[in-house]
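S.K.: Next come the chains, spelled out residue by residue.
Number of protein chains: 2
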Amino acid sequence: MKNNKIGMSHGAGGEVMGNLISETILANLSKKSVNGGIGLDALDDGATIPLENHEIVVTTDGHTINPLFFPGGDIGRISAAGTINDVAVMGAKPLAITNAMIIKEGFPIEDLSKIIKSMDETCKEADVGVITGDTKVMEQDKIDELVIVTTGIGIVEKGKAIRDSGLEVGDKIITTGSIGDHGMSLLSFREGFGFETDLKSDVAPVWGMVEKAIEIGGVTAMKDPTRGGLSNAINEMASKSGVGIIIQDEAIPIKQQVKAVSDMLGIDPYEVANEGKVIMGVKADLADETLNAIKKDKYGKEASIIGEVVEGKRVLIETPVGGQRILEAPIADPVPRVC
Amino acid sequence: MKNNKIGMSHGAGGEVMGNLISETILANLSKKSVNGGIGLDALDDGATIPLENHEIVVTTDGHTINPLFFPGGDIGRISAAGTINDVAVMGAKPLAITNAMIIKEGFPIEDLSKIIKSMDETCKEADVGVITGDTKVMEQDKIDELVIVTTGIGIVEKGKAIRDSGLEVGDKIITTGSIGDHGMSLLSFREGFGFETDLKSDVAPVWGMVEKAIEIGGVTAMKDPTRGGLSNAINEMASKSGVGIIIQDEAIPIKQQVKAVSDMLGIDPYEVANEGKVIMGVKADLADETLNAIKKDKYGKEASIIGEVVEGKRVLIETPVGGQRILEAPIADPVPRVC
Ligand SMILES: Nc1ncnc2c1ncn2[C@@H]1O[C@H](COP(=O)(O)OP(=O)(O)OP(=O)(O)O)[C@@H](O)[C@H]1O
Ligand SMILES: Nc1ncnc2c1ncn2[C@@H]1O[C@H](COP(=O)(O)OP(=O)(O)OP(=O)(O)O)[C@@H](O)[C@H]1O
Ligand SMILES: [Mg+2]
Ligand SMILES: [Mg+2]
Ligand SMILES: [Mg+2]
Ligand SMILES: [Mg+2]
Ligand SMILES: [Mg+2]
Ligand SMILES: [Mg+2]
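Protein sequence lines correspond, in order, to chains H and R. For the first sequence, UniProt numbering gives the first residue as 1, with consecutive numbering after it. For the second sequence, UniProt numbering gives the first residue as 1, with consecutive numbering after it.
These aren't lab readings, by the way, just hints derived from the structure by calculation. It is possible that part of the hints are untrue.
Identical chains share a label here; the pair holds if one copy fits it or two copies do between them.
As the list claims (entries may be wrong) - 20 Å max Cα-Cα, derived SDA-like pairs, lysine to any residue:
(1) K142 with P67
(2) K142 with G7
(3) K104 with D144
(4) K114 with N19
(5) K124 with G36
(6) K31 with K93
(7) K212 with K298
(8) K117 with G18
Chain H with its partners taken away, still in its complex shape (with noise of 0.2 Å):
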């Protein structure tokens, strides 16, 4: 390994993490399924353990998103929207939370208080428990803040989980709204332009909203585009897959403000996280009545129609001029700390 040491962009959601999964945790584990399921070789959202006539779905994440409070959320949203959500784009209905915190010592307590009931909020709007948990604290120089991972427990019927790799030609691609709201929010609100601009993050549980998408019986793919944004979650639903997409760049629903921010500091709005979006593939002939119903959702409302599964190994956009280019995986989420 050239690189021997962690870097940052070994925890931001591209390439560079992507090689370390592999090369680092996959190559050391040899137990990395059960019973047939889902397992961690699929490196998908989550993984899945078959029981009677259920798949149990499992999905983890680490939250270190810094500050803790910003605007549209704060660290006990995220946490327990960004499980919500990764059970869901399996397509399984999310039960349960655990909350596994870890405390600097001298927190204030008030702040933990605020954070629970956030946490508490969010679960309720997907009616999740949190179940069990476990706190933990760090001296003052050893950990910045706190730092909340949580687990979330769903199920879907034996056979019916949605993988990220079931694109097939021909699908219509869905984003379920804008792109770029959290990552640009959040880097806008850190570097002090917070109460110039009403930006703020998209951080919500979309399970009611996949739902509905679901039922229609026309979902192939689906995944939240969180580090590494729509171009990473576009690029690994195609390459799994074994299939091209083709994107219309004018499609993609993106705030102004957002677009704004993007230009001035220079990132790509397509690269940074998104926290209340999914990224689906759908069934042609189905695209339009599951856009509808996604449409209907409080958090659908943006929703669009964005491209489609052609044949092929790349993500291409096309811009409304009538130019191409390849939209890339990002080597790492240009923000760092977003989630």
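With chain H's structure known, arrange chain R with the ligands on it following the hints.
M.R.: Okay, now just chain R with the ligands, sitting in the frame of chain H:
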């Protein structure tokens, strides 16, 4: 709340942590159990979610141990064994763990490899898969080396989970082995006695041993005596069960070196963490048979019946010379950052 900031003892597994969990966490959560399973209010080693003829058992633990490599194990082994054991003491077969890592920028990838290998070895012992995970990196001065949060998933036949609150008057109390090894070895290693003693951590996955005990059919309650040690576990079992316990001091297996280091440092070995032991209540008529089954396991050779359940609500400890004293639950584990 008198103390409005988090202190080290809020993460140290005794009364102070218990109060924080009740007042700040439980009090702010609405949905704490799912489908009638064992929920958060039970404050047991894990929670359960009923599904068809089974209950899914879920438990989570953060691991902030310092140092990462210690005599008898490392953070990889303790992260796997910790959640495997919390699943096991719920009476459930552990199937899988999740692996969320929070890594410091600059951390050697070689050490990460060693830690994953050790996690893998530990999982193999218990035939447990590592099925999903997460990787985050924090800046050099924002985290102490590495934190690992694992969540354990297991299954048990519906209604067969074993609570920590199931003790009944007349039951015998068994410890599956010597007490204090993990906490005292870690402390003496930190204090620099590491090379003068062969004291080492007992960290091990105990499902194999627990399974043998359960098969006999008399186990009424179980707990792994981690933070806060034997004193904490036994007091929790007694108070949740609404019973008293009388322990024979000389029946508690304790290694000579653990005793020596405890005396030297003035630390009660019954209050420090164990990482490969179980305290169980067993029906009196099956106690000897259960003990023999446990002794057949490699981790149970020093198992011993140490006391019995009586009417009342105190844990009393009898000394060989006939004295009796109350064995109090600790305020906090006296050794910090032990798991
Ligand atoms: N430390 C780890 N150990 C085991 N598996 C890991 C680890 N880190 C990541 N993985 C696996 O790699 C895949 C990609 O992980 P990633 O965290 O990017 O997914 P995600 O949770 O959907 O995205 P995000 O964390 O940005 O929300 C997942 O299948 C995950 O289980
Ligand atoms: N931050 C938290 N959020 C929700 N529940 C928590 C939290 N911290 C602890 N709990 C709950 O409190 C109870 C006691 O937790 P504790 O961590 O002491 O149990 P344990 O894992 O068996 O012990 P140890 O962590 O020492 O191995 C458990 O039921 C756990 O689910
Ligand atoms: Mg995901
Ligand atoms: Mg995620
Ligand atoms: Mg715990
Ligand atoms: Mg326990
Ligand atoms: Mg534990
Ligand atoms: Mg993740």
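S.K.: Are the hints correct? Go through all of them and say.
M.R.: Hint-by-hint comparison with the structure:
Taking identical chains as interchangeable, the C-alpha atoms of K142 and P67 lie at most 20 Å apart whether they share a chain (17 Å) or sit on different chains (13 Å). Taking the closest pair of Cα atoms, K142 and G7 come within 20 Å of each other both inside a single copy (18 Å) and across two copies (13 Å). In this homomeric assembly, K104 and D144 come within 20 Å of each other (Cα to Cα) both inside a single copy, at 7 Å, and across copies, at 11 Å. Taking the shortest Cα distances, K114 and N19 sit within 20 Å of each other only across copies (17 Å), while inside one copy they are farther apart (37 Å).
Taking the shortest alpha-carbon separations for K124 and G36, only the inter-copy value of 17 Å comes in at or below 20 Å, while the best intra-copy value is 32 Å. In this assembly of identical chains, the alpha carbons of K31 and K93 lie at most 20 Å apart only when taken from different copies (16 Å versus 26 Å within one copy). Taking the shortest alpha-carbon separations for K212 and K298, only the intra-copy value of 12 Å comes in at or below 20 Å, while the best inter-copy value is 52 Å. Taking the shortest Cα distances, K117 and G18 sit within 20 Å of each other only across copies (19 Å), while inside one copy they are farther apart (34 Å).
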